[in-house]
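Please put together the full structure from these sequences, using the hints given.
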Amino acid sequence: MVWAAIAVTAFGCYAMKLLGLSVPAAVLERPLVRRVAALVPIAALAALIALQTFADGHTLALDARAAGLAAAVVALLLRAPFLVVVAAAVVVTAAVRALTG
Amino acid sequence: MIPTPVETDHPARPRGAVIRDALGVGVTVGLSGFAFGVTSTGSGMTIAQTCALSLLVFTGASQFALVGALGAGGAPLAAAAGALLLGVRNTFYGLRLSQLLGLPGAARPFAAHWVIDETSAVALAQPDRRSARLGFTVTGASLYAGWNLTTLLGALGASALGDPAAWGLDAAGPAVFLALLAPMIRPGDVRRRQEPAVAALAVLAALACVPFLPQGVPVLVAVLAAPAVLALSRLRHLTTGGRAARRRDEGEI
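Line order of the protein sequences matches chains A and B.
In this text, residue positions in the first sequence follow this note's numbering: the first is 1, and each later residue adds one.
In this text, residue positions in the second sequence follow this note's numbering: the first is 102, and each later residue adds one.
By construction, these hints were calculated from the structure, which means they are not laboratory data.
One should not assume that every hint holds.
[Claimed, not checked] With the C-beta cut set under 10 Å, the calculated list includes, among others, these residues of chain B facing chain A:
no., residue
1, Ser133
2, Phe159
3, Ala173
4, Ala184
5, Trp268
6, Leu270
7, Gly274
Think of the CB as a built atom: it goes at the ideal place given N, C-alpha and C, for glycine as much as any other residue.
Here it is as structure tokens:
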């Protein structure tokens, strides 16, 4: 079933890329369509951040991951490069977990 | 993760400058495949599944979303749907690139696989078609090679690490999403008040759904925040007669 999910994602992502290169611009360049398309990734990313940081199964939890996310926010505010932002989150999460074990 | 656009002042850029910019983006971002390889195997994917994702999906946010949802026990189709939602933006990059690159029909199926944040940012920053084609190709080739190589290294390295949670690797996914989200929001910009509203509503909706819905479904509900905020602000403009504001909201991406 994991392979099925990979196949669907791979096919779908490729199809969406090819669609953009292939359709006449007028079809998708309507202002409302563009606006929704710009906002959908924002909603999805924000939701994924919250879910992967605060959800633990079917309950909400405030644990070491929240500290890691806070570290990533600080790194972003300091205009750190992409890999440093990710590393800050990982290192702080591991440190908090080790300390509170 | 759209990088800072390169300079566009020059009417025709020397090939060396285009290649340098493209390699700079391609190589640095290509290295972050390592984070994906580690996260993916840490979420329970095999090394083959991890490498297949980077080879065949090749759009980072969707890959992180899929392995995060599957690792949390989400149903495969719900996990795939969440990943696909993040791939929508590549369609709109493709629209812009199609005019700029002027690709012949036979080249499109090959170029399509490389239509992602970084290649679009580099190509769209070029002042002429020749530079745009060169920038797209060099960024795409270096990023594809780097992303897949470091995915493999990360996957191999992670299996030697043992428990991924002890190393804090479950925090990599949210950090990646945050780095992608930050440039899209720009909270200080008064002309873009819908973006922070959509993000905030999506967070609330997703967390509110966690106790009641199966894994992977809350993100699909949260995406409705986008049309909801658009509908609400149109309604407000209609009732207050703010036509200029409505035109502005619709006209910008």
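Was the hint right that Leu270 of chain B lines chain A, CB cutoff 10 Å?
-> Cβ of Leu270 of chain B sits 6 Å from chain A, so the hint holds.
Are Ser133 of chain B and chain A close enough, Cβ to Cβ, to be under 10 Å, as the hint says?
-> With a minimum Cβ separation of about 6 Å from chain A (threshold 10 Å), the hint on Ser133 of chain B holds.
Ala184 of chain B as an interface hint toward chain A, with CB separation required under 10 Å = At about 5 Å, which falls below the 10 Å cut-off, the nearest Cβ of chain A leaves the hint on Ala184 of chain B intact, so it holds.
Taking the least C-beta to C-beta distance, is Gly274 of chain B closer than 10 Å to chain A?
-> This hint holds: Gly274 of chain B lies near chain A, its Cβ roughly 5 Å from the closest one there, short of 10 Å.
Hint check: is the beta carbon of Phe159 of chain B less than 10 Å from a beta carbon of chain A?
-> Since the shortest Cβ distance to chain A is 8 Å, the answer is holds.
Would the stated hint for Trp268 of chain B survive a check requiring a Cβ distance to chain A of less than 10 Å?
-> holds, 5 Å
Once the shortest beta carbon distance from Ala173 of chain B to chain A is found, is it less than 10 Å?
-> Where the cut-off is 10 Å and the nearest Cβ of chain A is about 7 Å from Ala173 of chain B, the hint holds.
The earlier numbered hints are all upheld by this structure, with none contradicted.
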